[in-house]
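Trainee: All chains, please: the whole structure from these sequences, using the hints.
If you read the sequences in order, they're chains A and B.
Each residue of the first sequence is one higher than the one before, starting from 1 at the first, in the working numbering.
Each residue of the second sequence is one higher than the one before, starting from 1 at the first, in the working numbering.
Some clues are possibly wrong.
[What the hints assert, rightly or not] In silico DMTMM-like pairs for lysine to aspartate or glutamate, Cα to Cα no more than 20 Å straight-line: (1) B:Lys603 with B:Asp674; (2) B:Lys730 with B:Glu179; (3) A:Lys67 with B:Asp25; (4) B:Lys64 with B:Glu21; (5) A:Lys18 with A:Glu39; (6) A:Lys32 with B:Glu41; (7) B:Lys603 with B:Asp671; (8) A:Lys86 with A:Glu39; (9) B:Lys302 with B:Glu179; (10) B:Lys657 with B:Asp598; (11) B:Lys64 with B:Asp23; (12) A:Lys32 with B:Glu37; (13) B:Lys64 with A:Glu57; (14) B:Lys302 with B:Asp152; (15) A:Lys67 with B:Glu21; (16) B:Lys730 with B:Asp545; (17) A:Lys32 with B:Glu33; (18) A:Lys67 with B:Asp212; (19) B:Lys566 with B:Asp635; (20) B:Lys64 with A:Glu65; (21) A:Lys86 with A:Glu70; (22) B:Lys64 with B:Asp25; (23) B:Lys243 with B:Glu281; (24) B:Lys566 with B:Asp738; (25) A:Lys67 with B:Glu33; (26) B:Lys566 with B:Glu726; (27) B:Lys566 with B:Asp736.
Since the hints were derived computationally from the structure, they do not count as laboratory data.
Since the structure is predicted, the reported quantities are computational estimates derived from the model, not experimental observations.
Here's the letter readout for the chains.
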Amino acid sequence: MGKPTDLVQGTLDLLILKTLSLEPMNGWAIAKRIVQVSESVLQVQQGSLYPALHRLEHQGWIRAEWKDSENNRRAKFYSLTTAGRKRLKAELENWRRLSNAIGLVIEAV
Amino acid sequence: MRWLARFRKIIQSLFRRRQIEGDLDAELQYHLEQEIESGIEAGLSPEEATLSARRLVGSVPLYKEECRDAWGIGFVENLLRDLRHAARMLRRTPLFTATAITMLALGIGANTTVFTFVENILLRSLPVHDPQQLAALNWSDMSNVSYPNYVDFRDRNTVFSNLIAYRFNPANMSIQPRENFRLWGYEASGNYFDTLGVQPLLGRFFGPAEDDQPGANPVIVISHRCWISRFAADPGIVSRTVKINGYPFTVIGVAPPSFSGTELIVAADYWVPMSMELQIEPGNDWIHSRGAQNIWAMGRLKPGVSAAQAAANLDQMNQQLARAYPNQIDRRAKFHLSRPGLIGQTLRAPITGFGVVLSGVAAAGLLLACMNLAGMLLARASDRRREVAIRLALGASRFQLLRQLMTESLLLAAGGGLVGVAIAFGACRLFSAWRLDFDIPFITALDPDSLVLYFTAALTLSTTVLFGLTPALQAIRTDVIPSLKNEPVSNRFRRWSVRDFLVGGQIALSVILVICSALVVRSLRHALTLNLGFNPDNAVSASFDLSLERYSEERSRIFDATLVRKASLIPGLQSVGIINNLPLRVSGETNQIVSRTDRPVPKPSEWRAAVIYNVSPGYLRAAGTRLLAGRDVNDYDRQNAPPVAMVNEALARAFFKNENPIGGHIRLSADPADKGVEIIGVVETGKYEYIGEDPHPVVFLPIAQTGTTWTTLVARTSLSAQQATELLQKTVLDLDPDLTLFNTGSLRAQLALPLFPARAAAIVLGILGVLAMVLAATGLFALMAYAVSRRTHEIGIRMALGARPAQVLSSVLARTLVLCAAGIATGTLITLAAARLLSAILYGVSPRDPATYITAVLLLASVGLLACWNPAARAIRIDPARTLREE
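Mentor: Below, the structure is given as structure tokens:
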């Protein structure tokens, strides 16, 4: 089943975890924030976002609760768990190592 | 643990599914609304904002499915959905479903039944404590040892913690005068029960202390079966006294229902200490003889001792014994140990061979069924090409389709498996309920247990793959575009394929089996009208064994004479006589070398044997055997009178050709000094050992000159068989109330046993024949259906161009008919060539009987046509307009 993926799956997980490390957020806000911070370079498709959120929740890295949003509507807010923080740390390190390595290769040539 | 936790989560989420779905709906709704709002903020009209937001959000159901996958409930949900879909698809084609399930059920049922047999006899252990430690003694090609050797082995060995011995024997049990019956059971060593670790149901078992002195401890343990059937489950059975062979024994215990001895194929009904051997087998004193190798032994190996070490220890002891008793013990004999239960090792090889053949036949049948089913599925797959193509076009993945198709196969296999298990359990029950009219109590019970069910489950799963995978893989390879446009698959010229040959082979196989079973059935019918050398109608018989009651030959001669005299006086019995052993009783006839006294003793290579019977005056009339020349034996042929004999025509012809045999002398040994016996009469030739035998020479000697302790009283009567049998019983018991009668009843009823091999062959061949026919029919059907469905398009065009139904029919049927004809011809030729093998169980019917062959060929031809009917009818019903429009 071919589905449009803009980001490598692991990368999206990392972006979500990182975004949530600042404060609990709902799905729409997460997508918006990633778009804003990346200066519209990264587009998060809903088709990837929600399955990713559910997967992360299922794995116990984030938890969800229903709260009132700023415009007083019920929305599902996600926040990082302790396991999620550890995971974020590991993913970040992993990412730095990888991008560093890619940088080295690219610069060398 | 992690898996367990995950599994729990999946189950929980299955139950929380509604909540999760609701959450998801709300969440996505929220997202949509936020998207619309931000669109409006950016200056779009509400309609434009909604539209663009919807475009951005995309297919909501798809996200839902992916979220479900994330929660791990997707798998279970998919499975349930696939199962529902599969059930719907199968319900839509009831004929196909029924055929497939029937075929699989027959195949799986047959395999399960055969496996139950194999598991019960070859894999199961004895129902005793720690059966893995037990090992049976075998030496050279025998499994017997002599009792004195056993005692030496038991006391001197260093490898067994215990060594037990037992011997299987018949005995007469008498609860009170005139209430006697014959039982088979064990004489067992004193340590038997202790070693096996079996616990009595009632009372106690005997121990070593009760086996130390010959004849000192007349105690008996009876089986649960015997307790129920002979003692009406009397709770006060313990310490009752019964007579065994006329000798009082005390019942000390009842064995548990699960324990019927230490052999798997015969059931013991009693156990007595081996020291009581002379009471069980009067006159046969083997307990002191090293030469009499007649007991079975098994030992419990000490921990850590291997079978090879134990055998080496036994060999060593045997050599020591051989030095001490060089004439009675073979020094070169080598021991080996085996799993116990099949008379040591003796029966394991033949039973394994039988099991392998049966399993092979059953497995081959199932394999053919799977192959035919695969053929039918292929036909179905090409019928469903459009459905598959549409689903592919709608975005189903090929894996999803494969899963779907395999689920359908699994459902079929599961249905077949369930019905198959029911069939197998039914067959096992039938088999267990069946009692063979045979003196020795063979165990026929088949008892399927959990291992059998695991086997069937595994079998069902493997058949799913076997018949389902290839058609499913073929189906998902469908090219979407041509299929949707309904283009023909490929117009490649189809050559003869392996499948065609397989179907042809199946037809040939069913021809062979049908002809064989028809021949056997015909010959069975013929056997009932065959001249047996006696007249089985209006005659009854009863057997007894005087040796068990310690009769001497002299005493049994007097007893027999008195019995015949008394019985002859009974009104309603026209004639009465005695024979040692009725012909066709399958109980081991006595054969002796016969030669004429007026010729030199022939060389061993020219020895000819005859069956010897001992008869009383009157036997010939009672049995209805015709006297062709000379006279019957009479009361003057006594011990001191000249020895005489009657012979049958076959013997007369073999030894006297055209001379008159009456007055001639024959000797019944190879001793030149033997004066021989005078032939006084010639009787008709009959059947003696089995019904299909060739004429066999036979000698009848007068009982008064030879004596016998085995006695069968035969009476010709105008009364009913039951009345006459009761009269015989009463007469015998009036003379000796302790005697036990067996094999009683009409001669006709007793023919069931000699007819058994043919009857069993007829049943087995018949069942196999029907199965093979069903297989061949389904195979043909699958082939035809496949061919027609592949050619639907082509046939449509032909019809549109004006082909008549007959032309279409012939083009579709031609290959199949060729296949049918070739299969039938091959099968017939093979049967003709192999017919000689059948003649052993055929009587009165030629193995090349033309009527049988023609009937079988016609039957198979009509089955073939029937199988082709449905697909052929479909071919001519093809509507050209519709077929062509569908493009």
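Trainee: Hinted pair, alpha-carbon criterion (20 Å max): lysine 64 of chain B, aspartate 25 of chain B. Please report holds or violated.
Mentor: 8 Å, holds
Trainee: Going straight from one Cα to the other, do lysine 603 of chain B and aspartate 671 of chain B come out at no more than 20 Å?
Mentor: 12 Å, holds
Trainee: Given the proposed pairing of lysine 302 of chain B with glutamate 179 of chain B, does the C-alpha separation stay at or below 20 Å?
Mentor: 46 Å, violated
Trainee: Is the Cα-Cα distance between lysine 64 of chain B and glutamate 21 of chain B 20 Å or less?
Mentor: 8 Å, holds
Trainee: If you draw a straight line from the CA of lysine 566 of chain B to the CA of glutamate 726 of chain B, is it 20 Å or shorter?
Mentor: Roughly 15 Å between the alpha carbons, so the hint for lysine 566 of chain B and glutamate 726 of chain B holds.
Trainee: Within 20 Å, alpha carbon to alpha carbon, are lysine 566 of chain B and aspartate 635 of chain B?
Mentor: Between lysine 566 of chain B and aspartate 635 of chain B the Cα gap is close to 15 Å, so the pair holds against 20 Å.
Trainee: Taking 20 Å as the top limit, are the C-alpha atoms of lysine 730 of chain B and glutamate 179 of chain B close enough?
Mentor: 11 Å, holds
Trainee: Given the hint that lysine 243 of chain B pairs with glutamate 281 of chain B, does the C-alpha gap stay at or below 20 Å?
Mentor: 14 Å, holds
Trainee: For the pair supplied as a hint, lysine 67 of chain A and aspartate 212 of chain B, is the alpha-carbon distance within the 20 Å limit?
Mentor: Violated, at roughly 92 Å.
Trainee: Check whether the Cα positions of lysine 18 of chain A and glutamate 39 of chain A lie no farther apart than 20 Å.
Mentor: 16 Å, holds
Trainee: Tell me if the straight-line CA distance from lysine 67 of chain A to glutamate 21 of chain B falls inside 20 Å.
Mentor: Distance ~18 Å between lysine 67 of chain A and glutamate 21 of chain B Cα, so the pair holds.
Trainee: Are the Cα atoms of lysine 302 of chain B and aspartate 152 of chain B separated by 20 Å or less?
Mentor: 18 Å, holds
Checked against the numbered hints given earlier, this structure breaks hints 8, 9, 18, 21; the rest are met.
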